[in-house]
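With the hints as constraints, model all of the structure from the sequences given.
In case you want the letters, here they are:
Number of protein chains: 2
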Amino acid sequence: MRPNPAPTNRRPSEEPPLSHANVHLFDADLGDTNLKHLLGGKGAGLTTMTRLGIPVPPGFTITTEVCVDFLANGGSYPDGLEAEVAASLASVEGQVGRRLGDASAPLMVSVRSGARVSMPGMMDTILNLGLNDETVKGLAQQSGDPRFAYDAYRRLLQMYGDVVMGVDHARYEEVLGQLKKEQGDARMLDKDLSPEALQELVKRYQAMIESEAGKPFPQDVQEQLWGAIGAVFRSWDNERAIRYRKMQGIAHRWGTACTVQAMVFGNMGETSGSGVAFTRNPSTGEKILYGEYLANAQGEDVVAGIRTPVALTAAAAAPGHEDRTLERRQPDVFAEIVGHCAALEAHFGDMQDVEFTVEQGKAYVLQTRTGKRTGRAAVRIAVELVAEGVVTPEQALTRVEPGSLEQLLHARLPTPDELLAKGVKPLASGLPASPGAATGAIVFDADEAEAQAKEGKTVLLVRRETSPEDIHGMKAAVGVVTATGGMTSHAAVVARGLGKCCVAGVGAFDVDYRKRQLRVVVGGETRTFGEGDVLSLDGSHGKVYAGALDVVAAATIPELDQLMTWADESRRLKVRANTDTPAGARTARSYGAEGIGLCRTEHMFFADERLEAVRCMVLADGEEGRNHWLDVIAPMQRGDFEAIFRAMDGLPAALRLLDWPLHEFLPKTADEIASVARALGDSADAVRARAEAMHEVNPMLGHRAVRVGLTFPAIYRMQVRAILEAALAVAGEGVTVHPEIMIPVVGLAKELEAMRAIAEAEAERVFADAGTRIAYQIGTMIELPRACLVAHQLAQHAEFFSFGTNDLTQTTFGISRDDAGRFLPTYVDDLELLSADPFARLDEEGVGALIRIAVEGGRGTREGLKLGVCGEHGGDPASIDFCERAGLDYVSCSPPRLPIARLAAAQAALRRRD
Amino acid sequence: MRPNPAPTNRRPSEEPPLSHANVHLFDADLGDTNLKHLLGGKGAGLTTMTRLGIPVPPGFTITTEVCVDFLANGGSYPDGLEAEVAASLASVEGQVGRRLGDASAPLMVSVRSGARVSMPGMMDTILNLGLNDETVKGLAQQSGDPRFAYDAYRRLLQMYGDVVMGVDHARYEEVLGQLKKEQGDARMLDKDLSPEALQELVKRYQAMIESEAGKPFPQDVQEQLWGAIGAVFRSWDNERAIRYRKMQGIAHRWGTACTVQAMVFGNMGETSGSGVAFTRNPSTGEKILYGEYLANAQGEDVVAGIRTPVALTAAAAAPGHEDRTLERRQPDVFAEIVGHCAALEAHFGDMQDVEFTVEQGKAYVLQTRTGKRTGRAAVRIAVELVAEGVVTPEQALTRVEPGSLEQLLHARLPTPDELLAKGVKPLASGLPASPGAATGAIVFDADEAEAQAKEGKTVLLVRRETSPEDIHGMKAAVGVVTATGGMTSHAAVVARGLGKCCVAGVGAFDVDYRKRQLRVVVGGETRTFGEGDVLSLDGSHGKVYAGALDVVAAATIPELDQLMTWADESRRLKVRANTDTPAGARTARSYGAEGIGLCRTEHMFFADERLEAVRCMVLADGEEGRNHWLDVIAPMQRGDFEAIFRAMDGLPAALRLLDWPLHEFLPKTADEIASVARALGDSADAVRARAEAMHEVNPMLGHRAVRVGLTFPAIYRMQVRAILEAALAVAGEGVTVHPEIMIPVVGLAKELEAMRAIAEAEAERVFADAGTRIAYQIGTMIELPRACLVAHQLAQHAEFFSFGTNDLTQTTFGISRDDAGRFLPTYVDDLELLSADPFARLDEEGVGALIRIAVEGGRGTREGLKLGVCGEHGGDPASIDFCERAGLDYVSCSPPRLPIARLAAAQAALRRRD
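Chains as they are written, first to last, in my numbering: chain A, 714 to 1627; chain B, 714 to 1627.
In case anyone wonders, no lab produced these hints; they're calculated from the structure. Among the hints, erroneous ones may be present.
One copy or two, either will do: identical chains are not told apart, so a pair holds if it fits within one copy or between any two.
[Claimed, not checked] Below, computed lysine-lysine pairings styled on DSS-like, alpha-carbon distance capped at 25 angstroms: (1) Lys1381 to Lys1228; (2) Lys1228 to Lys1075; (3) Lys1463 to Lys959; (4) Lys928 to Lys916; (5) Lys850 to Lys916.
Just so we're clear, the structure is a prediction, and the values are computed from it rather than from any experiment.
Right, here's the structure in full:
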């Protein structure tokens, strides 16, 4: 009798056997069965390829149902399983021409788990099963490579001992270390061990396993096989896997399948080898086979980089290496691979990344998966696949990761990985606050930036943090980097609006304004940079490099327009832009904006010639003084709005009334104070005292937005008048205007009611003055948790809601975006408390729950309430997917992200439809 | 035929008449009918008094149902109403012995509205109805006072013309003004008009009404009556009333009743008069009749203060005035009044404020209502009413307004109204941040306060705002006043904890530290106060007075203990205290605390000798340095906890781990920086640079609490160790300890999970070191909207939730308590956007909605989850009522508010039970 644990644990026979087969060969016909559910992802993939006629090493899969049954019944297998496995194994042996445990022609198999969704690294795998003290000799002889054979055996011992017999990994390290020491070099590499040393290692591993586990490594290959199968099933229940499933929402009852597959070897001489083929060029998308091949090598050798592979095709080979390509060496095999690649791409409807092994002239495909690609390639491939009739336009839309479009739309540096490969390490890391790249000489203040830019210099503005006074410097610089602040800090928001690249919150930066120095601690050592020193920024990845790096210009590819057309046909969500300038509005239209979702009117206040008038307005002593300066500002505002309305002819524009706390506009330097005092005819002391009195401890939660609108109504009245006068003026020119007046930071229904009444009264005065009217809407930003909770009341006074998810995230989490840099990166990267920065990706559990409450409340009161998102999340694909599911009407984002938003909205709609 | 609008508008006869009477005399027997619903508050009150045998002027009420019907049927009355009214009127005429429209003995009636709840000033009233050109002569003759008769008539014309005929109020003013001018003195008072002038005025009013309304004032008294009834019913539908009902949640369908009542006159000679009687002394609660009487006068004369009333009783009369009291003048009438008062008090079970009129020797009660009283009187009356068997202890509990206890528990100034009556106006107003009163010389910084207090001076600390460095000065001062900050600003919170009175956020204060001056703008004029000038603070009302005022000491009355005992028997909510010191803990127990709900451990860090160690810890360069200083601090913390545990022997104590951002502890002055640098052996520049790097833009939303706990775990580990070592130590002394470790500002389940793991690991180390264990709980503050939304997850890692409603209010509203002073008072007082400061009274719609979500989520996960509130709201009666309804387990408040909380909790429980 074989000492096989399975048959001895058999289920009582009174229970009926499962109604269908428990084991399926890869070439079994399972009809319409959901292969992934029954066979797991791996088994399903191999079965699918086999069905397509692709040669995969033969094998079989024990179903997920057996796993469920096995775990539910205390580790006993269903009746008849042993026979099914035996029959399947015999079939495999027949196809390969080797037999498990046959010393002269030993079959080796891999035993792998595979659930219906991928759980990378969570469960166990055993390779080279079938080796024992006898068969290893056969393998050595057959391969002519004893080193290979004993290396394979010791790997089996290690994996099997660990996974099946529970011997701690560290014990193997100890044995190996001891052996290396005895060989005279404790630091030698595994690959330098002689065949004899490996043979010795195999002995010692066996002895160690027996002493640790209390029983020897099984020489019986059937016992090996059943031990491995049991371990795979049990691994579904290990703690790590349970935790992972909980985190990912994977059901425990799904179970894992167990796939047993013949191993093939690419290192069996010169007619063997391993390679990887992309069905299209993953960089450009061009339709040519693209890949690498290494003769007489296993797949892992290609990956390990010990030897250098050559191109698959002569055309792609380095000059002089043409004859080493697979195309020239083994044209038949190459032709086969080309055929398999074409078949796989046609079947999966996407560019494939195919791993294959040639064993003594016979090609096997080991695995195929969707190939990774650049954004540029993704677009071209998707569009060409439609042209070739392989996929529909809707399918093509799902082939492009929206975020990958960023590479097309901005100038960029090589990726950090590419640079690292060339030995270029970043000086420091921060947040990818505004995409793109730039190289320039650093300056530490906005005036200097502007002065040097006027002299024709290319400068980067380096600040601890930026404030409204820095905007002219940000405009003058090619990029901005800050030491503090998050994804929605002032620097980040303004840089995105300006289309400048920006890295924010570089914690390692110590910016010394006094000495005009930037100190960076790198690996315990402090590096110092002075004004004029050159840095390079990668705003797409949040990296800062010392010195100048080559910047790759933004790409323009014709396929993008086609893809965008399809996206526009598929999406339900409208897409608007966040922009404050006529130029921005025009850019936004060219990127496909269907309106302005957020025009931050306060940004208009910072133009040089106006800032002082605004400061005077804020600091004027009393209402009369304030009104005087409002009269000075009003025509400027009206002019801004006219230009924006013209640019958005025919499209709606949501104009947010003043949002910032007044103190943001205060003069800070003595010069600024003196200048304001002169303009006001007041003493500098008095002005300084008033400015000090406006200081706020937590300005984000302070006297801002509608709170200013209600306590100093003249300001909002001026803005409403400017908007409507501008609308009337351009309407007179034949422009179609849809003004949406947006009241920010509302928390109370009565606030909105009162503010609306003030705005409507002013509107009536404007119309009376003009002798004509124009249609407009009044709505509110939803930025506070309370606003979400009373949305049913707010909707009585609002024609639209625009979710200001930046501020809503701040208040829901109680985290200031300006101060988050001190702990949020640690939360996301080190402690893994959050899967993403909630200022970049909308937090569905918290912020999303509030948005859903608000949507329900708002629409409950006003059926056709228009709903949009105008926070930074409006340009994030995952957040856009939420917006689609939550039933919003539009998203709004910075102009350069519009293509991303359009594609993401289309994908979200398609996902929801399915 | 009479030109009566009612009968001509009769409903079509095919509709069935209402099934019961539409008109009820005051002495009608209505059985168990809900009188207020049917007759409105006024009608019900008069009917109830009549039933009790109290003589009220006779009358009848037309039901609310008629009003509803009238409005629903376009202003037509139910069939038969005319006859019912006529019959009831006849009955009234019979009782009074006068008839409506009878020129020789004219009856006059009032026609008043009255809904089931009071809507003060919202609907209309007409007095003196029944006067016309003929009856006015009869009244003049009968009263012997033509001036009185024509004055009554012109008042009728004015009210009727306005209410029924829609003549604008201003028109009467014009006519009257013109007449006065003709009389030679445009500024003469109404009372100085001669009878002839009044007669002329009546003529002119009639002419004006006819010209304005297009028809004359009706001489037909029946037309007058029906016009008034219709106007009363229609007033239910006026815009003002609709808006009021919406605001107050009063249902439109309730309708108003209309009460018609004979008028009686106290000005019909020396046997007539008017008075007010309190059934007990409203200041002291003593059981004696207390009131005033004015012979030959109408009630409004008493109110108007034209003549001075005298006491009701001889005992209470000013010396020499005894004979002018009602007791002496009309002993029989007095005895009647005494009897009525006793009957009314017995019936309503509470002290009554009774208005009465004596008409020619016959006493009528016009109105009775629950009498207003001081806190001291309220307690005494409630307890004595039980002793007298009038009410049950549970009823007695509802007789005391919890907030009124504050007067008993703190020293106080006379109320602002009392002071105003004496001509003392406040210098400025702020928020009543911490109750009590104080008079002292002002100082502008904490060191000065301490120095002068040591010299024996009584000082008030005046600051723009306070910070932790000011605590020693706050301790030294008798009171604190700040120019900015709200009910939960630093100054407010600390002052309450210290039991000092505090007025916060006095917007009119301009504090100039440099000049050591306080400037206050009063009525456009600036007053300046220097160091040493004396101010007085009323922390209970938020007033600041110039100069010294007499402070009334806190009262101690034995009845309070009895009331508290009853409260404790009735309440379900437990009551805990927010306190950080052993002394505070002992005080809390004496006030009835059942545990500590919030011990803010960071307050312990501010004692003089520790602050520097804490600063060094915060600013130490690297982990090792930090740990060194933590070791210095640890024994101090342990000592604090031991003392608190001893004081709370047997009761639970929730100890909140460090909540504040580290930057709160940074040194600010050059001296402080130098001192820290010396202690750290570091350069002042380096220390200053590190301190600057820790600056936060919005500290409330910054790197604080659990965020510090997770990024610098050594700090929380030290605190956990100190808590548990202290617990073990005092347990060894025989003290019973229930430590609750509270983790603040949690927003993510994983934050709490990770922090709990760190705390538990430290606890295990403590127990291992000690060789013994002790039970403890770990829970979290719920202070962020997100925490409420994911409470179901948090409850997996928490044995208790404590709602930190201060911070929760801040984040839900997006309002910083420190900065709210700039607009929140305007919101509450001027714009009426909020009915109360949400930092003082829990906002049920927003914050309350989140709490309910959290309660449901938390208890859904963990059934017995302990829930409490430890924000300032824990001491506010309305908020406590919410806590009862939301099913929380306890509230926690500052020690002096504990009696208020106990009473409020009892009332809430009784309300909920009903």
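- Evaluate lysine 1381 and lysine 1228 at a C-alpha cut-off of 25 angstroms and name the case that applies: within, between, both or neither. both (20 angstroms within a copy, 22 angstroms between copies)
- Query: Is it within, between, both or neither when you check lysine 850 against lysine 916 at 25 angstroms Cα-Cα?
  - Reply: Only inside one copy: lysine 850 and lysine 916 sit 14 angstroms apart there, 134 angstroms across copies, limit 25 angstroms.
- Checking lysine 1228 and lysine 1075: alpha-carbon separation at most 25 angstroms within a copy, between copies, both or neither? Answer is neither: 69 angstroms inside a copy and 95 angstroms across each miss the 25 angstroms cutoff.
- Message: Treating 25 angstroms as the Cα threshold, decide for lysine 928 and lysine 916: within, between, both or neither.
- Response: within (15 angstroms within a copy, 124 angstroms between copies)
- Item | Copy assignment of lysine 1463 with lysine 959, given that the CA separation must stay at most 25 angstroms | between (44 angstroms within a copy, 13 angstroms between copies)
Comparing the model with each numbered hint stated earlier shows that hint 2 is the single one that does not hold.
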